[in-house]
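Build out the structure end to end from the sequences listed, making use of the hints.
There are 2 protein chains.
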Amino acid sequence: MLVQLDRSSPVPLYLQISNQIRELILSGALSEGSRLPPQRELALELGVNRTTVVNAYQELAADGLVDATIGRGTVVRTLSRPASPETPSPLPWTEVFSLRTRFAYDPLIRDMMTLCAQKNVISFAAGVPAPDLYPLDEFRAVIDEVLAQHGRVLLQHCPAEGYLPLREWLAERMVERGAQVSPRNILVLTGSQQGLDLVARLLLDPGDVVIAESPSYLGVLQVFQAAGVRLLTVPLDEQGMQVNVLEQILVRSRPKLIYTLPTFQNPTGVTLSLERRYQLLALAQRYQVPILEDDPYGELRYEGTPVPSLKALDRYGHVLYLSTFSKMLFPGLRLGWLAAPEPVIERLVLIKQLTDLHTNTLGQWALTEFCRRGLLDRHLERLREVYPRRRDVMCAALERYCPPGTRWNRPAGGFYLWCHLPAGLRARELLAEAARRQVVFIAGEACHVNGGGQEWMRLNFTYHTEDLITEGVRRLGQAMEELLQRQQAQPVEALSLKPIV
Amino acid sequence: MLVQLDRSSPVPLYLQISNQIRELILSGALSEGSRLPPQRELALELGVNRTTVVNAYQELAADGLVDATIGRGTVVRTLSRPASPETPSPLPWTEVFSLRTRFAYDPLIRDMMTLCAQKNVISFAAGVPAPDLYPLDEFRAVIDEVLAQHGRVLLQHCPAEGYLPLREWLAERMVERGAQVSPRNILVLTGSQQGLDLVARLLLDPGDVVIAESPSYLGVLQVFQAAGVRLLTVPLDEQGMQVNVLEQILVRSRPKLIYTLPTFQNPTGVTLSLERRYQLLALAQRYQVPILEDDPYGELRYEGTPVPSLKALDRYGHVLYLSTFSKMLFPGLRLGWLAAPEPVIERLVLIKQLTDLHTNTLGQWALTEFCRRGLLDRHLERLREVYPRRRDVMCAALERYCPPGTRWNRPAGGFYLWCHLPAGLRARELLAEAARRQVVFIAGEACHVNGGGQEWMRLNFTYHTEDLITEGVRRLGQAMEELLQRQQAQPVEALSLKPIV
Numbered sequence: 042m043l044v045q046l047d048r049s050s051p052v053p054l055y056l057q058i059s060n061q062i063r064e065l066i067l068s069g070a071l072s073e074g075s076r077l078p079p080q081r082e083l084a085l086e087l088g089v090n091r092t093t094v095v096n097a098y099q100e101l102a103a104d105g106l107v108d109a110t111i112g113r114g115t116v117v118r119t120l121s122r123p124a125s126p127e128t129p130s131p132l133p134w135t136e137v138f139s140l141r142t143r144f145a146y147d148p149l150i151r152d153m154m155t156l157c158a159q160k161n162v163i164s165f166a167a168g169v170p171a172p173d174l175y176p177l178d179e180f181r182a183v184i185d186e187v188l189a190q191h192g193r194v195l196l197q198h199c200p201a202e203g204y205l206p207l208r209e210w211l212a213e214r215m216v217e218r219g220a221q222v223s224p225r226n227i228l229v230l231t232g233s234q235q236g237l238d239l240v241a242r243l244l245l246d247p248g249d250v251v252i253a254e255s256p257s258y259l260g261v262l263q264v265f266q267a268a269g270v271r272l273l274t275v276p277l278d279e280q281g282m283q284v285n286v287l288e289q290i291l292v293r294s295r296p297k298l299i300y301t302l303p304t305f306q307n308p309t310g311v312t313l314s315l316e317r318r319y320q321l322l323a324l325a326q327r328y329q330v331p332i333l334e335d336d337p338y339g340e341l342r343y344e345g346t347p348v349p350s351l352k353a354l355d356r357y358g359h360v361l362y363l364s365t366f367s368k369m370l371f372p373g374l375r376l377g378w379l380a381a382p383e384p385v386i387e388r389l390v391l392i393k394q395l396t397d398l399h400t401n402t403l404g405q406w407a408l409t410e411f412c413r414r415g416l417l418d419r420h421l422e423r424l425r426e427v428y429p430r431r432r433d434v435m436c437a438a439l440e441r442y443c444p445p446g447t448r449w450n451r452p453a454g455g456f457y458l459w460c461h462l463p464a465g466l467r468a469r470e471l472l473a474e475a476a477r478r479q480v481v482f483i484a485g486e487a488c489h490v491n492g493g494g495q496e497w498m499r500l501n502f503t504y505h506t507e508d509l510i511t512e513g514v515r516r517l518g519q520a521m522e523e524l525l526q527r528q529q530a531q532p533v534e535a536l537s538l539k540p541i542v
Numbered sequence: 042m043l044v045q046l047d048r049s050s051p052v053p054l055y056l057q058i059s060n061q062i063r064e065l066i067l068s069g070a071l072s073e074g075s076r077l078p079p080q081r082e083l084a085l086e087l088g089v090n091r092t093t094v095v096n097a098y099q100e101l102a103a104d105g106l107v108d109a110t111i112g113r114g115t116v117v118r119t120l121s122r123p124a125s126p127e128t129p130s131p132l133p134w135t136e137v138f139s140l141r142t143r144f145a146y147d148p149l150i151r152d153m154m155t156l157c158a159q160k161n162v163i164s165f166a167a168g169v170p171a172p173d174l175y176p177l178d179e180f181r182a183v184i185d186e187v188l189a190q191h192g193r194v195l196l197q198h199c200p201a202e203g204y205l206p207l208r209e210w211l212a213e214r215m216v217e218r219g220a221q222v223s224p225r226n227i228l229v230l231t232g233s234q235q236g237l238d239l240v241a242r243l244l245l246d247p248g249d250v251v252i253a254e255s256p257s258y259l260g261v262l263q264v265f266q267a268a269g270v271r272l273l274t275v276p277l278d279e280q281g282m283q284v285n286v287l288e289q290i291l292v293r294s295r296p297k298l299i300y301t302l303p304t305f306q307n308p309t310g311v312t313l314s315l316e317r318r319y320q321l322l323a324l325a326q327r328y329q330v331p332i333l334e335d336d337p338y339g340e341l342r343y344e345g346t347p348v349p350s351l352k353a354l355d356r357y358g359h360v361l362y363l364s365t366f367s368k369m370l371f372p373g374l375r376l377g378w379l380a381a382p383e384p385v386i387e388r389l390v391l392i393k394q395l396t397d398l399h400t401n402t403l404g405q406w407a408l409t410e411f412c413r414r415g416l417l418d419r420h421l422e423r424l425r426e427v428y429p430r431r432r433d434v435m436c437a438a439l440e441r442y443c444p445p446g447t448r449w450n451r452p453a454g455g456f457y458l459w460c461h462l463p464a465g466l467r468a469r470e471l472l473a474e475a476a477r478r479q480v481v482f483i484a485g486e487a488c489h490v491n492g493g494g495q496e497w498m499r500l501n502f503t504y505h506t507e508d509l510i511t512e513g514v515r516r517l518g519q520a521m522e523e524l525l526q527r528q529q530a531q532p533v534e535a536l537s538l539k540p541i542v
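Those protein sequence lines, which keep their order, are chains A and B.
When we follow the numbering used here, the leftmost residue of the first sequence carries the number 42, and every step to the right adds one.
When we follow the numbering used here, the leftmost residue of the second sequence carries the number 42, and every step to the right adds one.
The hints are simulated quantities; they were obtained by calculation from the structure and are not laboratory data.
Virtual Cβ for every residue (Gly too), placed ideally from N, Cα, C.
Any given hint could turn out to be false.
Some chain B residues flagged as far from chain A (calculated, every beta-carbon gap over 12 Å) [stated by the list, open to error]: (1) N96; (2) T110; (3) A212; (4) R218; (5) R295; (6) E316; (7) R317; (8) R342; (9) R414; (10) L421; (11) E512.
Just so you have them, the derived chain A footprint on chain B, three or more residues with Cβ under 8 Å [what the hints assert, rightly or not]: (12) 221-234; (13) 357-365; (14) 491-501.
Here are the computed distance ranges between Cβ atoms for each label pair [unchecked claim]: (15) A:P444 to B:E217: 53 to 61 Å; (16) A:G114 to B:Q280: 35 to 43 Å; (17) B:P131 to A:D185: 39 to 47 Å.
Written out as structure tokens, the structure reads:
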């Protein structure tokens, strides 16, 4: 029997020993029932510590290859082969799923996407830009040009961190908006959803505490749930996250991450005030908690003065800044980015590489060229003209068609109205009724982890043209009236409202 | 104080109670030091079991919001605010990384990609197709056409499971090759690397046992290491995985997954024989272990009769089949697919959605059209003419330029030669010497989890033209001669080879 140690190898010596003995056992060179050399003896022969051999033998025992008995030494195990011929049967897949994925995945996003893909449905549910405004001809021309000129390069792999000229353009853009970043701080993502997932992997272990706004983006709530963390929520008011409540939580728990959508928040449209931004950063600093700033809508302000991003105000590197081209340009490209301190980017690059090697190269090249030529800015100008008109058309239609008691806000940017239903209506019931009329929206409780939001709905105003918005709200109003009349005819069970102190 | 229970909500009653009391505490409505109602009393008032209230109070205690003391009841905690004004300091990022990502990520793939992106380097390292053969004009025409005709749709989102016509084309293709699959069995992936990551998430918990071939694809070995599993390896011979050794492992451990690259294996080029395929499936059946069949090279056979995939021979649904367009067409597109039983696909769709919502839509549409027009098949024919010539050129150059004792195989398909170095040479040292001459390859130990393979290298023969292959091997031969001469002049320490029994 031979064990051959390679002291220049990065593989620990105990593993070299156990691996080589394992092979001897599995190949039959060491037969069942035969004894391994005593630990002390083998250690001497190999010139290693006895602990090294002890560890090697423990590895083998953990594999079920050997038994260690006091007095008998370490013996190659005799196999108990399974009582054989069973009737062949299919694999019971759901029983072999990992424990970490056995929690209840919420199929809501998938179902919504499927529903919205149906023709004739007026969707206020999707968080997507207006396809009728797509700068299609410009993008087509750019793609064709980069393919013609650089096709053999851009259809190959690119580095996991992204195409350098795109990272340069993004860094420059962020510097223009006040953030101190260089291309080395930028990681290109397969959509910002990937950023949420990667950051969760990087920072969160099961049982950790994460803070998010309530309500918030349902896609991120699901990522956190899948990570097995404990999600604590901070309520919003018209100035954004209630920072005083946040401090109460920070004092009492040790969160690993604060997730916030500070600008034109999803679903409420609210923007965190400048004063609160400073307060939030001071808290992150004092309690040394990272902030994940999700900013898909920052460029889509229709009125008023821009507020700097948290990243732009971040003095000590507490902010991970996440954004995407999905709301500004095309969601189908799956292109987003994260701006973060270098140690974070370096680690995330290695994790990203394991998940998809890198983001698709063609999209990165085409987008870079599109942005460099000023075509993104031109498109954004167009959006900033059209979207507020759609928002106002939706507000007018709500005013006209919805029963008294319906309330909504009129956010200065972003994609959504956050709409409160008249007393007695529940968004889930309304959604069922509205879907029968080919209109869908997001029921508020999907944006809450703790079962709140039953009387709210999120209405997207960017996707459809003004005519369809008006028609959709008209149908929505009908559905509301219908439900209210039904309730008057047959009153529902009163809510259980009980004073307890 | 009000607790308002909603019995129609999916949120458990105890969480509704704890959430509402939490808000009251955090907002200051319930002040520090005040007492919550006794559990029994609150249970009576709300008409719930006492356990419900007990659980709610435990939640609050876990959040650090209340203290429960026998005799005093449950009291809102008094805060100990941190001793304040500290000097501001940057966040120590590496200390806040999650435990699950603190293991040693191997930057090898990233470093290789960076190295290969350098000009003038002859790379036998990358596992990529020949850019000079790209059907660029055809692909450009197809992209332009689909953008012109369907741009407003294909730049939007698509379902997480993938674009249906692509799933249909893939299913049809696999049926032609003997597998029983329908579009419902197909999940489109952002490259096959994503499939490895998703399958690891779906099936593996930390500490689980996974079986892989040794040597194997380094990207998958890293995914398994990141998942925290115990990787047991089965050696290969010229007929592929040694199935008799596999059975020994199956008897002794309870693996959750067998990962195999049965056709033109990476890195060895070996193909699992038909007989062993049946044996492997019988073992998977007997021990009810899923098989992940990774088949990126199946279409790239240059000689001999095709062997059916494991998926085509799979009678009871044990095989997850993974493949990609990265080796057949363009790696930069990031497009792969998984074929699997429906319960697996259904679950993976939900997981994928959390990681990147869906794979980029433009690529899926363009590829579908490209495949439907027969352009993929025409391109594959071309590759099957050119690649074997490059392989033979490489073999001839090895014969001509490398010192005696260098041995290699001549695989019937795929991308790689697996090459054994003359006695005394180590691949890592050779790589350093070769890199000085602008030639790189994959050192064999990168393909081993347990430190073997030091005398092997993997040489890709598809990426470069015949001239560059010859030139690269010539430099490689020089590097080998140089190292051997240096060793004769100054003999290295003899390997420690000690008999221990």
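To see whether the hints hold, each was checked on the structure:
Every beta carbon of chain A lies more than 12 Å from that of N96 (chain B), the smallest distance being close to 14 Å; the non-interface claim holds. Even its closest Cβ contact with chain A, about 17 Å, leaves T110 (chain B) beyond 12 Å, as expected for a residue assigned away from the interface. The beta carbon of A212 (chain B) is kept farther than 12 Å from every beta carbon of chain A, the shortest such distance being approximately 19 Å. With a least CB separation of 22 Å from chain A, R218 (chain B) remains clear of the 12 Å interface cut-off, as annotated.
Not every CB of chain A is more than 12 Å from the CB of R295 (chain B) (nearest about 9 Å), against its label as outside the interface. A cut-off of 12 Å between C-beta atoms confirms that E316 (chain B) is not in contact with chain A; the least separation is 19 Å. Every C-beta of chain A lies more than 12 Å from that of R317 (chain B), the closest at about 16 Å, which supports listing it as non-interface. The claim that R342 (chain B) lies off the interface holds: its Cβ sits roughly 23 Å from the closest Cβ of chain A, which is beyond the 12 Å cut-off.
The claim that R414 (chain B) is not at the interface with chain A holds, since no C-beta of that chain comes within 12 Å of its own (minimum 17 Å). Listed as outside the interface, L421 (chain B) is consistent with that label: its C-beta sits roughly 16 Å from the nearest C-beta of chain A, beyond the 12 Å cut-off. Remark: the non-interface label on E512 (chain B) is consistent with the geometry, its nearest Cβ contact in chain A lying 20 Å away (cut-off 12 Å). Three residues within the 8 Å Cβ limit are the bar, and the stretch 221-234 of chain B against chain A gives 3, so the coverage statement holds.
Judged by the Cβ-Cβ criterion of 8 Å, the stretch 357-365 of chain B is covered by chain A as claimed, because 3 of its residues qualify and three suffice. For the stretch 491-501 of chain B, the proposed coverage by chain A is satisfied: 4 residues have a C-beta within less than 8 Å of a C-beta in that chain, meeting the threshold of three. In this structure the supplied range 53 to 61 Å holds for P444 (chain A) paired with E217 (chain B), their Cβ-Cβ distance being about 58 Å. For G114 (chain A) and Q280 (chain B), the Cβ-Cβ distance of about 37 Å falls inside the hinted range of 35 to 43 Å, so the restraint holds.
At roughly 46 Å, the beta-carbon separation of P131 (chain B) and D185 (chain A) lies within the given 39 to 47 Å, and the hint holds.
In the structure shown, a violation is registered for the earlier hint numbered 5 alone.
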